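Chain by chain, the residues run as shown.
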Amino acid sequence: MLGRFAALVALGALVAAPLAHQQQAKADDHEVVIGFAIAFSGWMNQYDGPPYQGSLMAIEEFNEQGGILGKQIRAVTSDTKTDTVQGAKAGADVVAQGAQFMVVSCDYDMGAPAATVANSNNMISISSCASDAKMGVQGIGPYAFTLNTYGQGEGAGMAKYAYVDRGWRKAFLLLDASIEYDKSICHGFLEQWKDYGGEVIGVDSYMQEDASIASQITRYKELAAERGEPEFLYLCSYGAGAVSAIRQIRAAGIDVPIGGGDSMDGDYWSEAVPGLSDHYASSFGSIWGDDPRPEVNEFFDRYRAKYGEPETSFPLNGYSVIQAIKVAAERAGSLDSDAVLAEMNKFDKEPLLWGPTTYTADTHIDLTHVLTIIQIQDGKGSYAGQGGAENPPALQLIFPDFTEDLYEN
Amino acid sequence: MTGLVQNAIDALALGSLYALTALGIGLIFGVMRLINFAHGDLIMIGGYALIVPSSAAAAVAFIGAWPAPAMVAAIVFIVMLFALACERLAFRPLRRANPSVLLITSFALSFFLEHLVVMIYGGRVKAVSIWPELLEVLPISGVRIPYLQIVTIGVTIGLLVLLVLFLKRTPMGIQMRAASEDFSTARLLGVRANRVIAVAFAISGLLAAVVSLLYVSQVGALTYSMGIPLVLFAFVATVVGGMGSLTGAVLGGFVVGIASVVLQVALPVAMRPDRDVFVYGLILLILLMRPSGLVKVKSIEEKV
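Chains as they are written, first to last, in the numbering used here: chain A, 5 to 413; chain B, 8 to 311.
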């Protein structure tokens, strides 16, 4: 995914960065300005909107408690319009509006242009949920962070839940090979599953836009007859392609427990599969009031009162982004980027709302995050358990693009 | 053996969807030499018409909750209306324009319709379940045939027969064939261009609505871009089949559908993610051997 947009990102940053320098307005000494260069329109808005609501809740709450270092927090915004070129402009725009910190889109491709602008202004940017490790030092620069774990970690966490907590031993993997995220979660699952000694009876693939997965189902049935029924099917996909695959799998009478990544968070999509049961997904917390962490339940109660029923757990991340800035700035005793950066780099299981968060100088993504596993039974979502990667991986392993040859062994 | 039968039926059902879509594109190309890329968005609109317009994440079925005959009638009506509106507002004023201008107009229309849907419904996947009972499996031992596959193949055959009867037996059908053979001469002979083209758009709307219902009952999910892959495969199908030939469009649809199922089954697992490379490779090969497609059309060849 890096290659596709690299040129656009670089071009956007080149055009936008000097502009931003010229126009930069100084923030008032009595306030902290946080710039949101995210999608307020276009399809990405559905993913950026809920974390943004979480951020606004944090800003309101912290301001009531006295803000950051005694200064009130003010949000400024600019719309990326779900467009990478517009993303760089939006980044420059919030810098011009005096932002001292930047929040960028919930996806590497969509968030990178604005984050690049922030980085070239020596400004900290945090993506509220990009799960690509490139959203950090290696892909953007030293000032870029993402408040999520990486795709492989999601897969590994699900393997832990399935193998250790549920005692399942035979797995089938179905990969939607259309985007890197899907490959990452499948890869993470597979490595962890094999580590535990789990059996994989088959791997098959399809593409997000395939109208039918009938031949994959036929193959699943053949393999199940040959090698025994799988106890778990890990489906590495997202959006419509995942929903459609689950509908077709269940319709074919296959009632094996199915797992998925955080792209399947929430239960708003379960309408597509009448009476869906035994579906498991990675998530940041349960939105149904049964999370073992009372602060999460309390947060969603307040969310419900303000915005209505939450769709996914992503508002937690939006809240945690502001929390991370507050914690680091207060520890640094300053709003200076480098001072705050030094504190963020020292986060060691920092108790943010979405969960303990660890960053180092060269990993600006939380590699050991313990995810929540949610389940759907009879079409209704609820808390199921926890899944975290056992050990953080070697850094080069999370950049498969750069280490293709490693996977050949 | 059962594996073979199973895969054959899977391939026929997928081919049917592509064939119906290709037919909708082929029909318009026949009468006005327009490759209508917005055809896929008509399919998408048929899907979105099933739910209550809202950007809330949880979709609420509206027309999708009606009894089947009313639902089919309403979706066909809505999509036909959109198809006619596209013709009247976007394509008719440009009738005399260069084909490339028409092509670009169809792209613009396609973007317009997609962003209209994002504006009203939001960008997140919408779940909608119509006729889940169609996904149940026909009780035949050994093979797994959902009723939906039988319905898809049956509806395709039925619509093909009806379309052939319409084109061969009705005055309007004969005029349409004449227009597709040579539009200027047909007009000189008294064929009314506006009416023929409007009817062609209405029929392509009907075909899009049917594909929409079959497709949505299969996948259960809506996205604003759901029509694009269908229309791309269908466009390729019309080229493979022979531009301008309706038989060719149908044939091409089946070739593309069958090729992708056969390759999905036959390729080694590691190569399956790259299946479409082979599908399109095969298509290139067919076109190298038969540059004007499987079915040659005289009226097109003379112009080239």
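These are calculated hints, taken from the structure and not from any lab test.
Predicted, not measured: the structure shown is a model, and the values here were computed from it.
Ideal placement from N, C-alpha and C gives every residue a C-beta, glycine not left out.
Take these hints with a grain of salt, some might be off.
Cβ-Cβ distance ranges computed for the label pairs, FRET-style [claimed, not checked]:
#1 B:144 / A:232: 49 to 57 Å
#2 A:381 / B:73: 39 to 47 Å
#3 A:308 / B:164: 23 to 31 Å
#4 B:102 / A:384: 24 to 32 Å
#5 A:195 / B:61: 36 to 44 Å
#6 B:277 / A:126: 43 to 51 Å
#7 A:308 / B:72: 21 to 29 Å
#8 A:279 / B:275: 35 to 43 Å
#9 B:126 / A:384: 40 to 48 Å
Some chain A residues close to chain B (C-beta under 7 Å, calculated; not the full set) [said to hold, decoys possible]:
#10 218
#11 243
#12 273
#13 275
Do the hints match the structure? See the list:
At roughly 21 Å, the beta-carbon separation of residue 144 (chain B) and residue 232 (chain A) lies outside the given 49 to 57 Å, and the hint is violated. At about 29 Å, the CB distance of residue 381 (chain A) to residue 73 (chain B) disagrees with the hint of 39 to 47 Å. Checking the proposed 23 to 31 Å range against residue 308 (chain A) and residue 164 (chain B) shows it is violated: the Cβ atoms sit about 51 Å from each other. Checked against the hint of 24 to 32 Å, the C-beta distance between residue 102 (chain B) and residue 384 (chain A) comes to roughly 54 Å, which is inconsistent with it.
About 41 Å separates the C-beta atoms of residue 195 (chain A) and residue 61 (chain B), a value consistent with the hinted range of 36 to 44 Å. Taking the beta carbon of each, residue 277 (chain B) and residue 126 (chain A) are about 45 Å apart, inside 43 to 51 Å as hinted. Evaluation of the 21 to 29 Å hint for residue 308 (chain A) and residue 72 (chain B) yields a pass: the beta carbon distance comes to about 27 Å. Separated by about 36 Å at the C-beta atoms, residue 279 (chain A) and residue 275 (chain B) satisfy the suggested range of 35 to 43 Å.
For the pair residue 126 (chain B) and residue 384 (chain A), the beta carbons lie near 31 Å from each other, so the given range of 40 to 48 Å is not met. Of the supplied interface hints, the one on residue 218 (chain A) holds, with its beta-carbon coming within about 4 Å of a beta-carbon of chain B, less than 7 Å. A distance limit of 7 Å between C-beta atoms decides the matter here; for residue 243 (chain A) the minimum to chain B is near 5 Å, and the interface restraint holds. Given the 7 Å rule on beta carbons, the hint for residue 273 (chain A) holds: about 4 Å separates it from the nearest Cβ of chain B.
At about 4 Å, the closest approach between the beta carbon of residue 275 (chain A) and any beta carbon in chain B falls short of 7 Å, and the interface hint on this residue holds.
Of the numbered hints given earlier, the model fails hints 1, 2, 3, 4, 9; all others are met.
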